[in-house]
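Sequences listed follow chains G and B, in order.
Per the numbering used here, the very first residue in the first sequence carries number 667; after that it's consecutive.
Per the numbering used here, the very first residue in the second sequence carries number 22; after that it's consecutive.
Since the hints were derived computationally from the structure, they do not count as laboratory data.
Be aware that one or more of the hints could be misleading.
[To be verified] Derived coverage of chain B by chain G (criterion: at least 3 residues anywhere in the stretch with Cβ under 8 Å from a Cβ of chain G; other residues may be distant): (1) 24-31; (2) 34-47.
[As the list claims (entries may be wrong)] List time: in silico DSS-like cross-link candidates among lysine-lysine, alpha-carbon distance up to 30 Å: (3) B:K28 to G:K804; (4) G:K682 to B:K23; (5) B:K51 to G:K807.
Beta carbons are placed, not taken as given, at the ideal position from N, Cα and C, and that holds for glycine.
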Amino acid sequence: MATTGIINGTLMRLYKDSTAIGYATSCQMNISSAMREILTKDSAAGGWREVKKGQLSGTLSTEALYAGPGDASTNYLFDDLFADLIAGTALTIKFTTDVVGDNIFTMSAICTSLDLNAGVEENVSYSASFEVTGAIVKTTKA
Amino acid sequence: MKLRLLKEWNGKQPGNTGVFLSEYGEQMIKDGIAELLDNDFVVEDMPKKEEVKQDPIYIPVFVNPEHFQNEEENITKPKNK
Numbered sequence: 667m668a669t670t671g672i673i674n675g676t677l678m679r680l681y682k683d684s685t686a687i688g689y690a691t692s693c694q695m696n697i698s699s700a701m702r703e704i705l706t707k708d709s710a711a712g713g714w715r716e717v718k719k720g721q722l723s724g725t726l727s728t729e730a731l732y733a734g735p736g737d738a739s740t741n742y743l744f745d746d747l748f749a750d751l752i753a754g755t756a757l758t759i760k761f762t763t764d765v766v767g768d769n770i771f772t773m774s775a776i777c778t779s780l781d782l783n784a785g786v787e788e789n790v791s792y793s794a795s796f797e798v799t800g801a802i803v804k805t806t807k808a
Numbered sequence: 022m023k024l025r026l027l028k029e030w031n032g033k034q035p036g037n038t039g040v041f042l043s044e045y046g047e048q049m050i051k052d053g054i055a056e057l058l059d060n061d062f063v064v065e066d067m068p069k070k071e072e073v074k075q076d077p078i079y080i081p082v083f084v085n086p087e088h089f090q091n092e093e094e095n096i097t098k099p100k101n102k
């Protein structure tokens with residue numbers, strides 16, 4: 667049964683194929699539509715900007731705590747993303763709660779940046795950014 | 022769902038645990054690659070920062086002896102009713 671009411675953000679996370687991106691503290695998906703200007707001398711808009719829809723694009727980002735090769739986890743971690751960024755691999759990413767009836771956003775994305783942060787007496791953490799290539803498809807988990 | 026690997030998978034060692042999408046996880050269980058730990062599990066335990074409790078610091082402050090004399094007077098003097 668689909669989640670009722672406002673969804674708890676903790677439950678909605680990014681999965682590479684079907685493996686969770688590990689130790690994530692936040693995940694974001696951005697979808698935007700570029701605008702193309704269509705104002706001409708013939709327009710009746712009185713000098714006001716006129717636009718129509720242009721390219722659609724998407725980005726993903728996540729912030730997570732860092733665990734190195736010693737971590738006994740099967741989750742997708744910084745080291746995996748590091749290899750993907752170097753290779754320019756297009757990853758199949760799903761953004762979902764994994765609850766039946768809830769949405770699954772599926773897309774192909776390339777990791778474009780990794781920022782690793784190590785503050786004194788703080789958890790080592792990182793942020794990763796992805797550029798979506800192709801369409802973002804919204805389906806419902808059956 | 023949270024699973025524990027029974028066999029090596031994608032270079033990860035048996036015994037390692039992780040969170041998988043349920044459909045895929047169920048297939049891994051069927052294939053004998055992993056065992057189920059928690060069906061509804063979504064978020065793994067994150068490494069927690071150890072909280073350090075600091076002992077109270079006592080800083081000596083100089084107080085004029087007259088202050089205590091006044092205090093004594095205040096205690097011993099009967100209060101005016």
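How the hints compare with the structure:
no.: 1; hint: 24-31; result: holds (count 4)
no.: 2; hint: 34-47; result: holds (count 12)
no.: 3; hint: B:K28 to G:K804; result: violated, 33 Å
no.: 4; hint: G:K682 to B:K23; result: holds, 15 Å
no.: 5; hint: B:K51 to G:K807; result: holds, 20 Å
Of the numbered hints stated above, the single one contradicted by the structure is hint 3.
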